[in-house]
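*Asks:* Here the protein sequences line up with chains A and B, keeping their order.
Going by our numbering, the first sequence opens with residue 98, and the numbers climb by one from there.
Going by our numbering, the second sequence opens with residue 44, and the numbers climb by one from there.
Just so you know, the hints here were simulated from the structure itself, not pulled from any lab data.
Any given hint could be a false lead.
Unchecked claim - Here are the computed lysine to aspartate or glutamate pairs in the DMTMM-like style, where the Cα-Cα straight-line distance is at most 20 angstroms:
no., chain 1, residue 1, chain 2, residue 2
1, B, K141, A, D340
2, A, K236, B, E245
3, A, K173, A, D162
4, A, K316, A, D340
5, B, K244, A, E257
Said to hold, decoys possible - The calculated label-pair distances, taken between Cβ atoms and stated as ranges, are:
no., chain 1, residue 1, chain 2, residue 2, range
6, A, D271, B, Q67, 31 to 37 angstroms
7, B, V76, A, H281, 36 to 42 angstroms
8, A, E257, B, A46, 17 to 23 angstroms
9, A, S115, B, Q58, 37 to 43 angstroms
10, B, A174, A, P218, 38 to 44 angstroms
11, A, V268, B, R68, 47 to 53 angstroms
All residues carry an ideal CB built from backbone N, CA and C; glycine is no exception.
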Amino acid sequence: MNSGALSTETALAVSNVSHAFGARKALDGVSFGIGAGDFTVLLGLNGAGKTTLFALVTGLYHSRDGSISVYGADLKSHYLKALARIGAVFQQSTLDLDLTVEQNMFYHAALHGIARSVAAPRITAELERLGLADRRKDKARNLSGGQRRRVELARALIHEPTLLLLDEPTVGLDIESRQFLLDHVRKLCAERGMAVLWATHLIDEADDNSKVVVLHKGKVLAAGSASEVIAGAGEATLRGAFDKLVGSAPAGKGKPQ
Amino acid sequence: MRAAQYYRAFMGILQREALRWMGQRSRFVSALVRPLVWLGIFAAGFRFTLGLSIIEPYDTYIPYEVYIAPGLVAMIQLFNGMQSSLSMVYDREMGSMKTLMISPFPRWFLLLSKLMAGVAVSVVQVYMFLAIALAWDVSPPPLGYLEMLPALILSGLMLGALGLVLSSFIKQLENFAGVMNFVIFPMFFASSALNPLWRVKESSLWLYRIYSANPFTHAVELIRYAMYGQFNGLATGVVAGFLAVFMIAAVWGYDPGRGLIAKRGGPPE
Chain A
98 MNSGALSTET ALAVSNVSHA FGARKALDGV SFGIGAGDFT VLLGLNGAGK TTLFALVTGL
158 YHSRDGSISV YGADLKSHYL KALARIGAVF QQSTLDLDLT VEQNMFYHAA LHGIARSVAA
218 PRITAELERL GLADRRKDKA RNLSGGQRRR VELARALIHE PTLLLLDEPT VGLDIESRQF
278 LLDHVRKLCA ERGMAVLWAT HLIDEADDNS KVVVLHKGKV LAAGSASEVI AGAGEATLRG
338 AFDKLVGSAP AGKGKPQ
Chain B
44 MRAAQYYRAF MGILQREALR WMGQRSRFVS ALVRPLVWLG IFAAGFRFTL GLSIIEPYDT
104 YIPYEVYIAP GLVAMIQLFN GMQSSLSMVY DREMGSMKTL MISPFPRWFL LLSKLMAGVA
164 VSVVQVYMFL AIALAWDVSP PPLGYLEMLP ALILSGLMLG ALGLVLSSFI KQLENFAGVM
224 NFVIFPMFFA SSALNPLWRV KESSLWLYRI YSANPFTHAV ELIRYAMYGQ FNGLATGVVA
284 GFLAVFMIAA VWGYDPGRGL IAKRGGPPE
């Protein structure tokens, strides 16, 4: 579509979003943006509100306050247009374990209105890239945790999304699988100009080229490039900056650490 | 989204339902055995205590097995509707429901597709049951098998939509036993599936009113009449009405803005 000015295009704009479950406020006035081609790490401890934010951005439910738009399409008024551009890997696996890898992929393709003849080569290509070509006919149940994650990533790419969302994708994976996933997604950013929002509580998953959003107890404490966040906190490393930001945030009744 | 894309999405949902159905042999077998137990054991015990006079739509005296066959057909559909709602709750707990919910189609379309896929499965089960029921002399006119198809689709949609509504209100899988006790059993027993309405009316007017208000009664009668090539206007109207009500409630329940998903406590953080 629009080939020019990709780098300045806003892939995801979250503005002033708040959400509460009963009395518990999960998100409080959250605002940040992601540009096309950005690898953005959403950094936060458990309970920071990352999963709630993902549910809102994928339209599982709507926020009460504020607005979210994907490539200019508002999630409330242009819901379907926004969803068509999103690929998502949730924290909890969403594979149908009783179906084979291939059946899961075709099901996803159908749910995006893609014909089997169009989906088949894409499925082959994505599975090959992720080293899963030989597991194609296996039931999802028989795959390891790392393999399931890779299938989910491959599946999220079939409809060629331009915004990829991953919620704690490396949880429970060994070091090797974790690095593989991280490298692969970084490559997607660089090669396809895809915008990525990568939620994690592992600080070392952000490198110097990453954008960083620090989320703590439902509030954004800092956002920008890694170096900006580090400089803003007056620290030398991202870990130092994160600890300082989180440590100086007003203490709630959340978990310690 | 164009029509072809809607069609592909529907076929994808249908295919998944069929794959899951064929993969779960126990579910498949129990769905067939359950009505056959009723037909072979329960009905045999009652055939002498329950003299049936000639009632519509039958044109002769009929054995009890023949009387309860349409009720058992509706029971297959009731169980199927509840089964698919169970699988929706399961999917939600397991996360695979998200795959459906984040696809770029309107929620009502996704729910309706899911519903129709479930009905397609239940219709196949019904015809398999009727083939076996021939051994008990349950033999409606040959054309009846064809004429009951629209009735089966309508009643299947209504009972499936009820399942969808329940699935949007049920918080967790454990609560599903309650559905058995408070939905399936009362609906089945307080209907014309096992007792003709005129007999109920003879024994208690109050019970008769409950039976008549039960949507399942109308699903049974819709199927019973259609099976013998007759059209029951009242039953058709009531079943269609309840279908509309349940469908609206289900779409409301799954609406991302208003529904119950957002209010349900959120992620366990």
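*Asks:* All the hints need checking, so say for each whether the structure fits it.
*Replies:* Right, here's what the structure says about each hint:
With a CA separation close to 34 angstroms, the supplied pair K141/B and D340/A exceeds the 20 angstroms bound. Of the supplied pair hints, the one linking K236/A and E245/B is violated, its CA atoms being roughly 57 angstroms apart against a limit of 20 angstroms. Pair hint K173/A plus D162/A holds up; C-alpha atoms about 11 angstroms apart against a cutoff of 20 angstroms. Proposed proximity of K316/A and D340/A is supported: the alpha carbons are some 15 angstroms apart, at most 20 angstroms.
For the given pair, K244/B sits about 63 angstroms from E257/A by alpha-carbon distance, which is inconsistent with the 20 angstroms threshold. A hinted range of 31 to 37 angstroms holds for the C-beta pair D271/A and Q67/B, which are about 33 angstroms apart. Between V76/B and H281/A the C-beta distance comes to about 49 angstroms, which lies outside the given range of 36 to 42 angstroms. For the pair E257/A and A46/B, the beta carbons lie near 21 angstroms from each other, so the given range of 17 to 23 angstroms is met.
The beta-carbon spacing between S115/A and Q58/B, approximately 40 angstroms, falls within the hinted interval of 37 to 43 angstroms. Checked against the hint of 38 to 44 angstroms, the C-beta distance between A174/B and P218/A comes to roughly 42 angstroms, which is consistent with it. Checked against the hint of 47 to 53 angstroms, the pair V268/A and R68/B fails, with Cβ atoms roughly 34 angstroms apart.
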